[in-house]
Amino acid sequence: MTYAYYPGCSLHSTGLEYGLSTRSVFSYLGMGLAELPDWNCCGASSAHALNHKMALALPARNLAIAQGISKDLVIPCAACFNRMKSTDHALRTDLKLRAEIESLVGFTYTGQVTVRPLLDVLYTDYSPEKIRQQVKNSLKGLRVVTYYGCLLVRPPQVTQFDDPDDPQVMAELMSALGAHVMKWSHATDCCGAGLSLSRSDVVQKLVSRLVDRAREASAEVLVTACPLCQVNLEMRQIPEIKMPAFYFTELLGLALGLPEAPTWWRKHLVDPRPILRTAGLAE
Amino acid sequence: MEINLAAEVGRISKQQVDLCYHCHKCTSGCPIVDAMEYGPDLVLKMVSLNQQEEIFRSRDIWLCAGCYTCATRCPNEIDIAAVMDALRQLAVAERYPAGVPDALLFHRLFLGVVKRLGRSHEAAMLGLFKMLAQVPITNDLVAGARLFMRGKVPLLPKRTRAAPEVRRIFNEVNR
Chain A
0 MTYAYYPGCS
10 LHSTGLEYGL
20 STRSVFSYLG
30 MGLAELPDWN
40 CCGASSAHAL
50 NHKMALALPA
60 RNLAIAQGIS
70 KDLVIPCAAC
80 FNRMKSTDHA
90 LRTDLKLRAE
100 IESLVGFTYT
110 GQVTVRPLLD
120 VLYTDYSPEK
130 IRQQVKNSLK
140 GLRVVTYYGC
150 LLVRPPQVTQ
160 FDDPDDPQVM
170 AELMSALGAH
180 VMKWSHATDC
190 CGAGLSLSRS
200 DVVQKLVSRL
210 VDRAREASAE
220 VLVTACPLCQ
230 VNLEMRQIPE
240 IKMPAFYFTE
250 LLGLALGLPE
260 APTWWRKHLV
270 DPRPILRTAG
280 LAE
Chain B
0 MEINLAAEVG
10 RISKQQVDLC
20 YHCHKCTSGC
30 PIVDAMEYGP
40 DLVLKMVSLN
50 QQEEIFRSRD
60 IWLCAGCYTC
70 ATRCPNEIDI
80 AAVMDALRQL
90 AVAERYPAGV
100 PDALLFHRLF
110 LGVVKRLGRS
120 HEAAMLGLFK
130 MLAQVPITND
140 LVAGARLFMR
150 GKVPLLPKRT
160 RAAPEVRRIF
170 NEVNR
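Those protein sequences? They're chains A and B, same order as listed. Using numbering that gives the first Met the number 0, you'd call the opening residue of the first sequence number 0 and step up by one each time. Using numbering that gives the first Met the number 0, you'd call the opening residue of the second sequence number 0 and step up by one each time.
Please keep in mind that the hints were generated in silico from the structure rather than gathered at the bench. Built from N, CA and C at the ideal position, the CB exists for glycine as well. Just so you know, not all the hints are guaranteed correct.
Cut-off 30 angstroms, straight-line C-alpha distance, at most; resulting in silico cross-link-like pairs (DSSO-like, lysine-lysine) [claimed, not checked]:
1) A:Lys95 x A:Lys135
2) A:Lys95 x B:Lys129
3) B:Lys129 x A:Lys204
Among chain B residues calculated to face chain A with C-beta under 8 angstroms, some are [as the list claims (entries may be wrong)]:
4) Glu1
5) Ala5
6) Glu7
7) Leu62
8) Gly65
9) Arg149
10) Gly150
11) Arg158
12) Pro163
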């Protein structure tokens, strides 16, 4: 099975290791990713802040490209997923708007592409059980909390993925890898997102609280599925002893025994190797 | 220019602010409310009361992070994040100075880069932001350097065929 794949801008920059680990894991599991040719930025939070039509037209152009490739469009970045899914929802439900965006972008919306988060594809199409059978290095020494942030699960009538208050998908995947998933109540709290540059004080406060709560839950690391959350978490936390934030695909790659996994750790702003060594998961 | 704020917000966001009965679930769940002047619940009230001046000059509409916690919890299913988007767009259209100037600057620079390249480009955007923003230029230099050392801020943008098409869409939307 080959999926249409939209990496988004972050996976070529601050979320480099998310992109690298995604490709490695999919290739190892025999799942094909066909990157959309000449994809464009989804507009992120800036398009919908300033221009409603632009916020729909930018993702719509990518949907148009995906229509020619596969019925499933898989997106790792939570923000890109949200913009693309919102646009698909708008085009599906508002016929007048659909006609306007179709003419603006120059395509005919078929409604036959399903926009899916990467987490959902691994969970539903591959399954935690099959992943469990593939584990070479169990993560049993590692205590994690799963952190979704906002845009994978909200607003639920648009995202239609997992539970917006108490999501389970990432926890089940991490348990399948042998990790000790700690319970906490902050999996879908906001990290401050795009305020990182203009009001870094707000983001510092929010991520430091997340890290404190994760520590209270006895976790050693956070596991994320969003490049903006990940960079905010590692870059903006205030506490002296820093807590690393992994992409869930990195931990998949580590547990599956992929030889390239150690090259991802160097990309982190908070070096995860000391914790991995203690858990017996790194040299 | 005098406008009917509730009607304009409804036109852009398709949300009916008058459905709000002020249960405060939005404000009590808002992660940013500490930094705001009014909070989401009062902003809705002020839209109903047509208090344009106060809303358009407020920090609140620029601080909303778009996390959709309010929209998810609202018992009357008002997408308050979409209302905030509409208010930002109206404030810009009415030429009000942004309550958080750097937030507006960030959005403009981001879209400016996307218009030219079809994709975002961190190095260009961060450089411009540093030069033009009110936040001290020395902020985040160390973090920026550390991202650069890890190969996460490529200096040259990737050229794609998306750029001319995206530019055409921008020009058509803004016509």
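Quiz item: Do the numbers back the hint for B:Glu7, that is, is its least Cβ distance to chain A under 8 angstroms?
Solution: 12 angstroms, violated
Quiz item: With a cut-off of 8 angstroms, does the beta carbon of B:Leu62 approach a beta carbon of chain A closely enough for the hint to hold?
Solution: Interface hint status for B:Leu62: holds (7 angstroms vs cutoff 8 angstroms).
Quiz item: Would the stated hint for B:Ala5 survive a check requiring a Cβ distance to chain A of less than 8 angstroms?
Solution: Violated: closest Cβ of chain A sits about 17 angstroms from B:Ala5, beyond 8 angstroms.
Quiz item: How about B:Gly150: closest beta carbon in chain A under 8 angstroms, or not?
Solution: 7 angstroms, holds
Quiz prompt | Pairwise hint evaluation, B:Lys129 against A:Lys95, where the allowed Cα distance is 30 angstroms at most | solution = Not satisfied, since the Cα-Cα distance of roughly 41 angstroms exceeds 30 angstroms.
Self-check item: B:Arg158 as an interface hint toward chain A, with CB separation required under 8 angstroms
Solution: 10 angstroms, violated
Quiz prompt | Holds or violated: B:Lys129 to A:Lys204, with C-alpha atoms at most 30 angstroms apart | solution = 22 angstroms, holds
Quiz item: Hint check: is the beta carbon of B:Glu1 less than 8 angstroms from a beta carbon of chain A?
Solution: 22 angstroms, violated
Quiz item: Do the alpha carbons of A:Lys95 and A:Lys135 lie within 30 angstroms of each other, as the hint requires?
Solution: Answer violated: A:Lys95 to A:Lys135 is near 53 angstroms, above 30 angstroms.
Quiz prompt | Hinted contact B:Arg149 with chain A - closest CB pair below 8 angstroms | solution = 5 angstroms, holds
Practice problem: With a cut-off of 8 angstroms on the beta carbons, see whether B:Gly65 makes it to chain A. | Solution: Result: holds, 5 angstroms to nearest chain A Cβ.
Practice problem: So, B:Pro163 near chain A? Judge it on the closest CB pair being under 8 angstroms. | Solution: This hint is violated: B:Pro163 lies away from chain A, its Cβ roughly 10 angstroms from the closest one there, beyond 8 angstroms.
Of the numbered hints listed earlier, those contradicted by the structure are 1, 2, 4, 5, 6, 11, 12.
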